[in-house]
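Protein chains in written order, with numbering that gives the first Met the number 0: chain A, 0 to 200; chain B, 0 to 567; chain C, 0 to 567.
Treat the hints as calculated values from the structure; they're not laboratory data.
Be careful, since some hints might not be right.
Pairwise CB distance ranges (calculated) [to be verified]:
no.	chain 1	residue 1	chain 2	residue 2	range
1	B	564	C	102	57 to 63 Å
2	C	395	B	276	54 to 60 Å
3	C	93	B	344	21 to 27 Å
4	C	102	B	292	38 to 44 Å
5	A	179	B	409	36 to 42 Å
6	B	344	C	454	58 to 64 Å
7	C	98	B	41	29 to 35 Å
8	C	525	B	299	32 to 38 Å
Stretches of chain B that chain A covers, calculated by requiring three or more beta carbons in the stretch to come under 8 Å of a beta carbon on chain A [stated by the list, open to error]:
no.	segment
9	91-103
10	170-183
11	195-208
12	222-234
13	354-362
14	419-427
15	512-519
Calculated pairs, DMTMM-like style, for lysine to aspartate or glutamate (alpha carbon to alpha carbon, straight line, at most 25 Å) [to be verified]:
no.	chain 1	residue 1	chain 2	residue 2
16	A	195	B	219
17	B	239	B	55
18	C	279	B	320
19	B	239	A	112
20	A	197	B	143
21	B	455	C	217
22	B	41	A	159
23	B	473	C	292
24	C	454	B	457
25	C	148	C	133
26	B	455	A	193
Please read all numbers here as calculations on a predicted model, not as lab measurements.
Don't be surprised by glycine CBs; every beta carbon is placed ideally from N, CA and C.
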Amino acid sequence: MQATFRALTDSLVPSTRRIGYESPINITDMGVHEYLIYGLDHYIAIQEQLHHITLPLAYPTAIMLDEAATQLVNTGRAQASPQIQFPGGGMFSRLSREDRIQTLSALENLAFDLYLLPSPFQNNGGLIKHVIDALNRFAMFGYYSEWPAYGTTRLYPPDDRRLEFFPWGWQQVGYPGVSLGYRDFRGMLIEYEEVKAKEVD
Amino acid sequence: MKTDPDVIVIGAGGGGPVIAKELGELGIRVLVLEAGPWYGNKNWPNPNENRGEEKESSNPNDLDGALYRKQITRLENDMNDFVSGKFRWGSADRRRGPWYRNIPDPTILWQTAGIGGGTIHYYANSLRAFPHAIDNEWPINYADLIPYYEKVEKTLPVEFAPTTSKEALFYYAAEQSGFSLNKTLDVTSSGYRPQPNAILPPNEHLMDPNYSMEEISHMEGCTLSGHCGQGCPYGPTYEKMAKRSTNVSYVPLAMKTGNVTFRPNTFVTKVLTENDVKRGKRAVGIQVRDTWTGETEELRAKVVVMAAGCIETPRLWLNSELPHNPWVGRGLTNHYMDMVTGTFDEETLTEIIGSPSINPFVGHTSGARLDYPGLGMIENIGESPGISAQTLFAFSEYGYNSLGESNQEMWESRGRLVGSELEEAMKGYRRTLTLSVITDDEVQFHNRVELDPHVKDEHGAIPLVHYTPSEKSKMRREQLVKIATDMLRKAGAKEIHRSDLPPNYYIHLQSTMRMGYVVDTSCEAYQVERLYIADNSADYNSLGGPNPTLTTQALATRTAEHLANKYF
Amino acid sequence: MSIDADVILIGAGAGGAVVAKELGELGVKVTVLEAGPWYGNKQWKEPNQHRGSVSSSNPSDLDVNLLRHQYNRQENTMNDVVSGRFRFGPADRRQSVWYRNIPEHGMAWQASGVGGSTQHYWANSPRAFASAVDDWPISYSELIPYYEKVEHTLPVQFAPTTSKEELFYYGAEKAGWSLIDTLNPTSPGYRPQPNAILPPNERLMDPNTSLHQLSHMEGCTLAGHCINGCPYGPSVDKVAKRSTNVSYIPLALKTGNVEIRPNTFTTKILTENHPEEGVKAIGVKFRDTWTGEVGELYGKAIVMAAGSIENPRLWLNSDLPSNEWVGRGLTNNYWDWMTGVFDEKDLMRILGNQNVNPFVGHTSAARLDYPGLGSIQPSGLSPGLTSFLTFGFSQSGYASKLKQSPDVPWDLQGRVVGNELKEWMDSYRNTLSFLILTDDQPNKRDGVTVDPFVKDEHGAAPVIQYTPSKQDTKKRNELAKITADILRKAGAKKIIRTDWPANLFAHILTTMRMGFVVDTNCEAYQVKRLFIADSSVEPNSGGGVNPTLTAQALATRTAEKLAKKYFS
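Same shape as in the complex, but just chain A (with noise of 0.2 Å):
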């Protein structure tokens, strides 16, 4: 599960070894593949009779991915190459990026046998399409927001996380993060009284 999921961040968001940047938590992606995993895995909470449960998404997630790489390898739709990159995973570890890509877009699209998905996605268009998306959104958000910079402790619960460094994604586009101000007043170019006054009149 954990190479698919990296097989997927490779895929969607820019790669870090390529661009040289050395994480100070050692990770590729940044650790955005467990962003993803986190976030899958706490999306959804349900009652069941006594049981309140938070579903699991993202063991079924890689499935789903796998399984939809597979089926368009069996109909000539991508090539899969030999296990390097990504040990461990499954077929759709096995695709180029380009071909991970189209996988989720042929996913997206529904362009599958749905009843080879495992459940909770098997037969459920809206689910798939709302979670394929979702991969696409968490892996940005991941990527760009402060998340990696909770370094040793992103996988903490929430109140427990600490920023560790400042956040690479936020420095690679000069995001000068949180902010108490800044003196960038360039006037008002109309103002409440003014046009209340124009109103009255």
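Place chains B and C on chain A using the hints.
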């Protein structure tokens, strides 16, 4: 409260605290129940970690600006992570999952539980509805609303946004596209203007280098710090925070009346009714569940006000098995939004705004707008990087840019950007101007909140939400996107990206319990006496495009008056 | 509210297809929702493997070669109740069948798909007995023009004689019955079965024409296995057995006003409370059986033609107004089955050949009508179906363990297994079997309710309860005796009465009866603009005859009334 309140208000978001304050000032005793936590109240020093010793708070002295500042970290993930952020839609305890909604489509649903509700992370855009969308549409007139708009504008207060770089560029772009400045609060023709925002004007010392930012952030007035969406804890005291979320505006005012009690961490699961032989069904109370302990309780009052939002209000109606009305939960509008982002080069920017970057993170998150009655509106948005990446480049009904048709006439890229494309786009972050397209979307019966037939959570059957725009709404969005694209192009943008957002983007939710269908003109339910609604759900339509909060607050002010006259 | 079609029709089986065609011809736009697959349509080349298109409205999509490929006539592939193409379940045969809770041993033999159960029906199309219709709120003479229209459209013809019919006519004569040469029997007698099967091609007996050629020409080839689907003919609309997917559906498509959407399970009828009309139907909610996606469609009128189980289930799951007769009064013709084995010598003498070959000719091509009791019909099935229906499905337990009372005119009653089964089946080609249809009377305790505990993806599952009355049992015994007598007189050496359990549901009718749930126009009393058009509206079991023709005649009439009331 030791005895039954006169009125129970469900939800302390955009509308609930307003009606509570208004009723409290009339001497009516109000209990407000809120499902989420309370930030900045001494009774809950660690609101996400434990239940606290108190159940409720009614004393303004409990409010604590320093505590609020500590809790509102303004870190985008800590605050706005949909799963575990402080501003998520879920219980105070962030170790648990959020409250599940079944939306079987690509979806962003940006709701907040907690005292202040969605106004904790809103951009404070507080404009009036377009008059044409009210007159001859709603069962009441625009003129009826004006005094209430004025009252809310004064109470919050609302002021036009100051200009920072991104607004300056926006105004330039609008002028280049042939629009002119519209100096009005009541928009009848197209034009641009600063956003009327519920944000205090910048402190007079903001530009004075003799004052440190630390000092200024403890003074009254906006510091232009950006990240409005991550919460605003800047100001001398809790009730003087610059961004006028209801938790720092109406909630303290309500508490000062001495008649209003707020109770967080309390999820209302049912509206209780009685059948009166003569007058039919009437509301007599509610059933609640403590989100920390799971304990349930019944509370009684003379009048119940639902202000739980466009999803929870109909869900509550349906889970309470109130009388059948086909329009309950129906007619959902969400302004069918889109985003267009232009990236500029340094020379162009230097020429127009005198600096080589826009720095979208500076100033009010949304400080300028273009109104276009008949189509909707366009506003600028400057979000932090994570949220920008997620909404601009990850969320699209177009699919992946790299898989799309290469022949894009209007935009350099469209849809999702991944890998190195994403990296390139984000590298230009400081030189981007993002325009949000907000459509005057039509009410459609099929757009709805209903109960999921299969799935329950601890509060009953969960809501299932469905939205697809009408052909007319699609056309309007396309026209607005063209205008936005044109503005960016005319202003000199080098690369323009269209996100092409999916229709299930929920920031503005409206009109699921429409006036004239579910509630009467005083916002009392037709079929259940003594049951009122005071949130966006009572809107008859999507207001022509304007952000819904101010109208909800004006209506809530008006509803308080009607309610008090009728029952007290 | 915007309308998706004038009429939304639920179910493309025996009745729905008729309404679609009739309304389409009157210029009314119809969308038909069918839960199962569509065989023989180019939009779904592999209807059990892939979702394919959403809908089809073009007659040129129909393809007889595809139909032939899909209707492969293998009894297990086609009629396995769990995974057959004619099961009651989603198109994807890896998915489970749709569950029905039938207490005790029972079986519901329904087919989902365009054509519904007429895909595997035997095309027996007798009119109801006039004496039974006398109890209806409309008269027999009022029905006759509609019978005639359907008989002309399908068309219906008396069945040709093959060996098994000849043997039956021989036995019936010997037993003292005479030929009744009528479509409206008023006294007992035998006759060829009025079947919706085209007459044999004139070249059938011509050895110069191969059977392969014949099977691509117009007319019945006497191929047998009607029940496993008939794909023989030059084009879809000329296929020999006149299931609605080859008769009414092509005609409906030709009107240009009908769109059919398979793989679409309707889960709810949507209503509103209209100030003048009261509760009225405005649309439906459905679920795509491939993707699980849910949608809604709106029309000016809704027609339920989902069958006698799904109609009441849909009514109940939609929370339509309470009516104590919804789902109640179920009849199923309380079937039985009886088989005789003949000596080759006798057969040689009677038929001129030494075998009956029950698999030849129309599956049921002759009948004996007995107004007041019901009817019996010689029937010939393929071996798998014969073995399980004759020897495996009984409420009498194992035949070998039963002691027969001497005054019972059959030799065995109940299940036959092991060596004995083999012995019987060895004589398969020399058997003549009879289906017994009882004139069972509607009883309020019998019917369809929804399971309080069990849900499937479409809501609470149906529970089916049927217990014949003493009177019904007596009638069935009478018919069994008559059948045994005919077999014996024809020379049968050994006779077995299977004694089928009462919960065999193939003819399923009278759960939404005219005069109780719907008015004489077949519009629901309590829900305006909601019509029902299948055998569920029949007020009784027609005197114990096959219900399809009557359902189709009523559907023709209902279409006329509906169009007149809402679209004239």
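Outcome of the hint check:
{"no.": "1", "hint": "B/564 with C/102: 57 to 63 Å", "verdict": "holds (59 Å)"}
{"no.": "2", "hint": "C/395 with B/276: 54 to 60 Å", "verdict": "holds (59 Å)"}
{"no.": "3", "hint": "C/93 with B/344: 21 to 27 Å", "verdict": "violated (57 Å)"}
{"no.": "4", "hint": "C/102 with B/292: 38 to 44 Å", "verdict": "holds (43 Å)"}
{"no.": "5", "hint": "A/179 with B/409: 36 to 42 Å", "verdict": "holds (40 Å)"}
{"no.": "6", "hint": "B/344 with C/454: 58 to 64 Å", "verdict": "holds (60 Å)"}
{"no.": "7", "hint": "C/98 with B/41: 29 to 35 Å", "verdict": "violated (56 Å)"}
{"no.": "8", "hint": "C/525 with B/299: 32 to 38 Å", "verdict": "holds (36 Å)"}
{"no.": "9", "hint": "91-103", "verdict": "holds (count 10)"}
{"no.": "10", "hint": "170-183", "verdict": "holds (count 4)"}
{"no.": "11", "hint": "195-208", "verdict": "holds (count 6)"}
{"no.": "12", "hint": "222-234", "verdict": "holds (count 7)"}
{"no.": "13", "hint": "354-362", "verdict": "holds (count 5)"}
{"no.": "14", "hint": "419-427", "verdict": "holds (count 5)"}
{"no.": "15", "hint": "512-519", "verdict": "violated (count 0)"}
{"no.": "16", "hint": "A/195 with B/219", "verdict": "holds (23 Å)"}
{"no.": "17", "hint": "B/239 with B/55", "verdict": "holds (22 Å)"}
{"no.": "18", "hint": "C/279 with B/320", "verdict": "holds (20 Å)"}
{"no.": "19", "hint": "B/239 with A/112", "verdict": "violated (57 Å)"}
{"no.": "20", "hint": "A/197 with B/143", "verdict": "holds (20 Å)"}
{"no.": "21", "hint": "B/455 with C/217", "verdict": "violated (56 Å)"}
{"no.": "22", "hint": "B/41 with A/159", "verdict": "holds (21 Å)"}
{"no.": "23", "hint": "B/473 with C/292", "verdict": "holds (22 Å)"}
{"no.": "24", "hint": "C/454 with B/457", "verdict": "holds (20 Å)"}
{"no.": "25", "hint": "C/148 with C/133", "verdict": "holds (21 Å)"}
{"no.": "26", "hint": "B/455 with A/193", "verdict": "violated (53 Å)"}
Hint violations for this structure: numbers 3, 7, 15, 19, 21, 26, all remaining hints satisfied.
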